[in-house]
Amino acid sequence: MIKDKTPYHILVIEDNPGDIILIQDFLEEWILNPTIIRAHNYNEARILFEQEDFVCHCILLDLTLPDKSGEALIIDILSNNIKVPIIVLTGFDSFPFALKSLSLGISDYLLKEDLSAISLYKSIVYNIEKKKTLISLQESEDRYSKLFHISPLPMWLFDIDSLRFLDVNQAAMDNYGYDFDEFMSMTLKDLRPETELDNLEELITKIKESKSQNFNGILTHKKKSNELIQVEIFSSVMDAEKSEVRLVLAHDITDKLKRIDAIEKQNKKLKEIAWLESHVVRAPLARIIGLVNMLDNELLDEDERSTLLQYIKESTQEMDEIVREVVQKAEALSLNNGYTYET
853 MIKDKTPYHI LVIEDNPGDI ILIQDFLEEW ILNPTIIRAH NYNEARILFE QEDFVCHCIL
913 LDLTLPDKSG EALIIDILSN NIKVPIIVLT GFDSFPFALK SLSLGISDYL LKEDLSAISL
973 YKSIVYNIEK KKTLISLQES EDRYSKLFHI SPLPMWLFDI DSLRFLDVNQ AAMDNYGYDF
1033 DEFMSMTLKD LRPETELDNL EELITKIKES KSQNFNGILT HKKKSNELIQ VEIFSSVMDA
1093 EKSEVRLVLA HDITDKLKRI DAIEKQNKKL KEIAWLESHV VRAPLARIIG LVNMLDNELL
1153 DEDERSTLLQ YIKESTQEMD EIVREVVQKA EALSLNNGYT YET
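With my numbering applied, the sequence shown corresponds to residues 853 to 1195, in that order.
Everything labelled a hint here was simulated from the structure, so no lab data went into it.
Glycine included, C-beta positions come from ideal geometry on N, C-alpha and C.
A couple of the hints might just be wrong.
Pair by pair, the computed Cβ-Cβ distance ranges are [said to hold, decoys possible]:
| # | residue 1 | residue 2 | range |
| --- | --- | --- | --- |
| 1 | R1157 | K1110 | 56 to 64 Å |
| 2 | E902 | D1013 | 48 to 56 Å |
| 3 | L1122 | D1155 | 18 to 26 Å |
| 4 | L989 | N932 | 58 to 66 Å |
Make a model of the complete structure from these sequences and hints.
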């Protein structure tokens, strides 16, 4: 028989010397070199739990000790923040009490009279791995919970069938103006303007039919104050086996869209200014250049020169008006971009 080479550290809390020897024999039958730690009563076990360097992978607990027994013993053992499986070994054959023990947090309940080396070994290995898995899941849930609640962006869980909120973070409450209890009495419909309720139903239907794990898009939401905002939604299935629950992250992009709109309007005005400069300004400027060249003609009399100067003056005034119009358009842009234009 090949023995398990895993270096298990097993705490046996038992006051009966005969039972301790039997347990040791059973353990050594299937485990190559188990480290067996003994505590004869609850107080000795408690002292071990308080040691920072105490290492233990599993606890075998007798329910009848000199200083404590039964349910009170289980509760006190668990109060020490035990993170390893606790397997009860007892001669007390009571199914209701066994269920009670398991509900309190005991990993397994074995009768001493039915105990064998293989049953004890299987229980230890199974419950150690089970405990590791449960701890890993709990740590994962804790990490999710922290990320969910400290996120600076609004997040919530909702049921895709009823559209009811299942949980919301603080950012959602701050951004939308509802408290937690109000959110819990609401559905997604309460965040949408009435004009978009039909769109919401169509969207939910499409998500259900496509069985999509993820969704993102830009939607209009309504705050408690009735203010309408544009939000970029990122949604995913929270649990693939329970696809009716979805996680949503909502990013308010109202200001971003306003800035984009302002930039587009500025670009349009800049194009108008560029057109004025390239077309309208060039006409009077070309006339002025032509008139100035004509003044160089020595054959012109005074009346002709006076007429040319008048044309030059009128063209200059026309160009001045055009330049002022360009500057006014540029000054209008400066209200948004912070630049100042001077005439």
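Do the hints match the structure? See the list:
1. R1157 to K1110: 56 to 64 Å: Roughly 57 Å apart at Cβ, these two residues keep to the hinted range, so it holds.
2. E902 to D1013: 48 to 56 Å: Check passed, 50 Å falls within 48 to 56 Å.
3. L1122 to D1155: 18 to 26 Å: 45 Å, violated
4. L989 to N932: 58 to 66 Å: 22 Å, violated
Consistency note: the structure conflicts with the earlier hints numbered 3 and 4.
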